[in-house]
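Asks: These are the residues of each chain, in order.
Number of protein chains: 4
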Amino acid sequence: MPQQKLRLALFGSGRIGQVHARNLADHPDIELALISDPFIEGARTLAAQTGGRAVSDPAEVFAEPGLDGVIIASPTPTHVDLMSQAAAHGLAVLCEKPIDLDITTVLECRDNIREHQVPIMLGFNRRFDPNFKAVRDEVVAGAIGTLEQLTIISRDPAPAPRDYIEASGGIFRDMTIHDLDIARFFIPNIVEVSAVGSALFSADIKSLNDFDTTTTTLRGADGEIVTIINSRHCAYGYDQRIEAFGSTGMLTAGNVSATTVRRYDATGTEQAGPCLPFFLERYAAAYRAELDAFVQAIRAGGTCSPGFDDGVAALVLADAAAESATTGKTVSVVDALR
Amino acid sequence: MPQQKLRLALFGSGRIGQVHARNLADHPDIELALISDPFIEGARTLAAQTGGRAVSDPAEVFAEPGLDGVIIASPTPTHVDLMSQAAAHGLAVLCEKPIDLDITTVLECRDNIREHQVPIMLGFNRRFDPNFKAVRDEVVAGAIGTLEQLTIISRDPAPAPRDYIEASGGIFRDMTIHDLDIARFFIPNIVEVSAVGSALFSADIKSLNDFDTTTTTLRGADGEIVTIINSRHCAYGYDQRIEAFGSTGMLTAGNVSATTVRRYDATGTEQAGPCLPFFLERYAAAYRAELDAFVQAIRAGGTCSPGFDDGVAALVLADAAAESATTGKTVSVVDALR
Amino acid sequence: MPQQKLRLALFGSGRIGQVHARNLADHPDIELALISDPFIEGARTLAAQTGGRAVSDPAEVFAEPGLDGVIIASPTPTHVDLMSQAAAHGLAVLCEKPIDLDITTVLECRDNIREHQVPIMLGFNRRFDPNFKAVRDEVVAGAIGTLEQLTIISRDPAPAPRDYIEASGGIFRDMTIHDLDIARFFIPNIVEVSAVGSALFSADIKSLNDFDTTTTTLRGADGEIVTIINSRHCAYGYDQRIEAFGSTGMLTAGNVSATTVRRYDATGTEQAGPCLPFFLERYAAAYRAELDAFVQAIRAGGTCSPGFDDGVAALVLADAAAESATTGKTVSVVDALR
Amino acid sequence: MPQQKLRLALFGSGRIGQVHARNLADHPDIELALISDPFIEGARTLAAQTGGRAVSDPAEVFAEPGLDGVIIASPTPTHVDLMSQAAAHGLAVLCEKPIDLDITTVLECRDNIREHQVPIMLGFNRRFDPNFKAVRDEVVAGAIGTLEQLTIISRDPAPAPRDYIEASGGIFRDMTIHDLDIARFFIPNIVEVSAVGSALFSADIKSLNDFDTTTTTLRGADGEIVTIINSRHCAYGYDQRIEAFGSTGMLTAGNVSATTVRRYDATGTEQAGPCLPFFLERYAAAYRAELDAFVQAIRAGGTCSPGFDDGVAALVLADAAAESATTGKTVSVVDALR
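Chains as they are written, first to last, in this note's numbering: chain A, 1 to 338; chain B, 1 to 338; chain C, 1 to 338; chain D, 1 to 338.
A few of these clues could be false.
Stated by the list, open to error - Listed below are the simulated DSS-like cross-link pairs for lysine-lysine, each with C-alpha atoms no more than 30 Å apart in a straight line:
id: 1; chain 1: A; residue 1: 133; chain 2: A; residue 2: 5
id: 2; chain 1: A; residue 1: 329; chain 2: D; residue 2: 329
id: 3; chain 1: B; residue 1: 5; chain 2: B; residue 2: 206
id: 4; chain 1: C; residue 1: 206; chain 2: C; residue 2: 5
id: 5; chain 1: D; residue 1: 206; chain 2: D; residue 2: 329
id: 6; chain 1: C; residue 1: 206; chain 2: C; residue 2: 329
id: 7; chain 1: C; residue 1: 5; chain 2: B; residue 2: 206
id: 8; chain 1: C; residue 1: 133; chain 2: B; residue 2: 329
id: 9; chain 1: B; residue 1: 206; chain 2: B; residue 2: 329
id: 10; chain 1: A; residue 1: 206; chain 2: A; residue 2: 5
id: 11; chain 1: D; residue 1: 206; chain 2: C; residue 2: 5
id: 12; chain 1: D; residue 1: 206; chain 2: D; residue 2: 5
id: 13; chain 1: A; residue 1: 206; chain 2: D; residue 2: 329
id: 14; chain 1: C; residue 1: 329; chain 2: B; residue 2: 329
id: 15; chain 1: A; residue 1: 329; chain 2: D; residue 2: 133
id: 16; chain 1: B; residue 1: 206; chain 2: A; residue 2: 5
Hints are computed from structural coordinates only; laboratory data are not their basis.
All chains, full assembly: derive it from the sequences and hints.
Replies: Structure below.
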């Protein structure tokens, strides 16, 4: 007998909200019940495409009977409040990163929601990328012996607008945080963080005392070294690669092109197409797999992976990276992550 | 205002029928109304997953009011009759290749259905593969100057069972026919066919006087040369590649792996995964795009690409290849394709 | 105790002669004693760079005391006479392909020189290419099970001048002959030849009733199929690739670039440099290894590989290909190669 | 008129000395006059292969009339003394890295030899690697706009013996120093150094308080960020790669395999061979090009690139990396490199 569909509500009808809305609408086990956005026109336009009732007030969501969970894809400052309310109403939560830009607020939120024991999943979608996941599965299976070095290269195609950058918490909390979570996907127990940053090409970013170009180095509890290389721009598309180096070999996951076509002409040979443009394309499969995992977590009722504590840990690492890039000192995160 | 969904029926609940049924069920513009199979259990099992009413008698399909078209994925010997009936009922047709193994029967069918002027699309799904299509689009756009040589490498992972092979019409009509259509996708006007074949590894195929290994060479009206290399087995998966060589460059479309993961160890470096297992995986996107094109053809009411005449041409070329492989002589197809 | 250097003479100071002269001069076991060319200025210029005495009359070579062997890199029409004289003088011979364009002349030459029992090596240098040789060594070692299909793609960067083409014996005897020998490197016993050809881009070649674009298909005694794809031009350099497909896998040898550099920019990713320009660069290592093998053959005194009979066989196959491309019929070479 | 050969002497008949000896012997513009090693048997064995007179006492070298220069490939502790004597005798010097492990000694040496104004070249051979050099030439030519990030991945195949490690000055001064020079090849003006290190797999290295696994980060005067990833072992061979990322694109130089052969079988596809085993193979062409550059420097009489000051700078950076890895603080090298 087929299980009843899960009834879910979505907060946020912006870029990420739209991705989730389409995946919710297409998912055979999900009924997209409501789309909530104070900008009600956004919610309505989206609902017209994907189904679900458009509402402007979150209270309407929490008043809805028979809901199983919510996806929080609204602006970061709303995350903690929505998550807390959802937990209080016994709703499972899939929340986009970051939980909040302030670690104190995040830890308070954790205390508040702990008693409700609802499944909380953090939207670190890259863990569900089939390429990264395949590397991690093989590493866990011992395919390269002991993992010693992890290299993550992650470059956005172009800087976000000044407004976005200004509210983002800086490159480490906004962009590197994804790579920090991928680092913890492979090496959960990180003890030290170092980082250097420069503002090389974006006058906006420079004027905000932020960085557009960084290298972040982590050390795991067993001495493993993670190196994360970031840039806020990339001429050839969205550059997303990892290399896991171990005692008996290496596994890499490279960029994804739209096709397998290669070009040969007087200028050169074997030219592939550009990388996929940005995360919507590159991580399309990851977003769908993330939603599958959320459905399973609700059904199974246990803890989620990545869960709330993964969101905490990534923010702690991002804070440490920001501090290190400013002070020039390696920052221990042993106490903060205890 | 959204258009009304097209109501379609499916003939056949076997391997290919199942692919179509799932795509029909998932397509936002289609209602899968009926699944017809004399093996009614197959139709019922499939309909339970995808929706639609299971029927055993094709007459029930043709009696159904309000149908827009049919997908014919039943065994080859049923194709001509179902296509003719569908056309007589004014239904659009998407028919799996081949139309029939006998060219006379195919040409009679063409005469019979011509008056009904319904859209007829042939299931040469590879034309819709994003990789092959991208190469062809660029060739048409002049990216490699004048197309001079086309090389198609196409190997199945393992021979089909003896029963299948016996009824298949031989490797040229069953397997090479897809490559012959891809040849015509690039060079529609073929004038000559040569082929050589061997039975190297399959005792079944040898005992049927069929080939498991072939090379087929075509010449286009402007002297272009197409080379098709086939094998009925392949240790590393489903090998499907093309190379289009022109006066100013070359474009290739390579195999598809499940991920971008590469392995480095003591035995070697840069090892990618095996090719995708077989056509269901490799051409999954192609089947979906084919269905999109069928929907568009029904809506637009014009001729289909690939259409009935493409099915005729591919069979003529396959017959010529079979003849050439037996006689050792190049076969002109100018008259047959006039 | 180090062995005495071999004293060798070189016929021909043209493009290939110059390659040999430099390799002879650099080889630690060889003394380049004479360079012979009726165009004495060519011989003198070359000798000034590489050492050796320049002579215009071949008789001076055969009068030279203490010679061990000769390299024949003079025009094709001189090959048979020089080879015969060298053999009669007890000199080992390394002769550039082809022995002659006329098979009757070649067979007479074979009869003439047989009694002298000197080592005769044919200049099919590609057998010594490290990439092709590695594939062949692995195939012989069983790395891909039973060899079933061999695909050879071989394209020159640009057509030779009209004069050269006119005297060349046509594309099969001049260009394909190298690929035919590589086919026999893997599958020595060929029984059938088919070929198609077109003149697509070179008015000179067309006016000479020659082809600039061909596909040649061979069948081995065990049914193996070889496919050779040739073009007289190639926009991205000298395209030289092979694929050996067997029952348990495939081995390929790809093109060679000057460096491992890859370029990523807005037009695409992973672009390698052009192929090496032509055979002098691509087969530089092969020419040196060929000379090593010649030295070893002289020292060991046995038969050479590739030897005279390999030159005969390649010419027989080239003649058969030319016949097949004209008649449209598969040509058996069983009798000719008996 | 051909120039007179340069008469050179070699100090050291060990592994690197042997590489130089063979290249000296093969070089058309060089006469290898003497090989000096206190272990006279080593010098004699080598001289028997390459020519040159074997001597045990360096004084014999400096007493030799008509010498043009020396190559110093003896143990590190001898470098400063031999270089100083050579300079005092007016001999050009090609000295293997490092000049010395102690920066004070190096700076004194610089003061001592400055007055003699002889060409001093440092043996940072990787600058002459055709792959790295091609990337650098293109970067200088503006092919990727402004250089923003340089990533260097450099892994030895296996740790050196304990004795070697103990005398090596540690991973930064012994191994990373090559990468630090490559960093300066692209970005000469480095201002800051950070490093982290672990001893993950070598008990010897751990017991010496050295690291076997490190990440080093440099910042250039214009904010460019260099990331160097090192390991003392690598299961798939000698891993030597660079990525130069700029405002309009990226250029990479990958590993080198012995052939272009790729393997396809049931375990995967496109497998290349292992990386070349170690620096003797990988940088064979670089050593030859380095010698060419030395010859040109002697002929031209100007300064060398890389020269003495490049050796100083690399050591300063290595010292800073070692300090940073110990203290956890970013180290400024502005004063030290002024």
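Asks: Look at each hint and say if it fits the structure.
Replies: Cross-check of the supplied hints:
no.: 1; hint: A/133 - A/5; in the structure: holds (27 Å)
no.: 2; hint: A/329 - D/329; in the structure: holds (5 Å)
no.: 3; hint: B/5 - B/206; in the structure: violated (49 Å)
no.: 4; hint: C/206 - C/5; in the structure: violated (49 Å)
no.: 5; hint: D/206 - D/329; in the structure: holds (21 Å)
no.: 6; hint: C/206 - C/329; in the structure: holds (21 Å)
no.: 7; hint: C/5 - B/206; in the structure: violated (57 Å)
no.: 8; hint: C/133 - B/329; in the structure: violated (34 Å)
no.: 9; hint: B/206 - B/329; in the structure: holds (21 Å)
no.: 10; hint: A/206 - A/5; in the structure: violated (49 Å)
no.: 11; hint: D/206 - C/5; in the structure: violated (53 Å)
no.: 12; hint: D/206 - D/5; in the structure: violated (49 Å)
no.: 13; hint: A/206 - D/329; in the structure: holds (24 Å)
no.: 14; hint: C/329 - B/329; in the structure: holds (5 Å)
no.: 15; hint: A/329 - D/133; in the structure: violated (34 Å)
no.: 16; hint: B/206 - A/5; in the structure: violated (53 Å)
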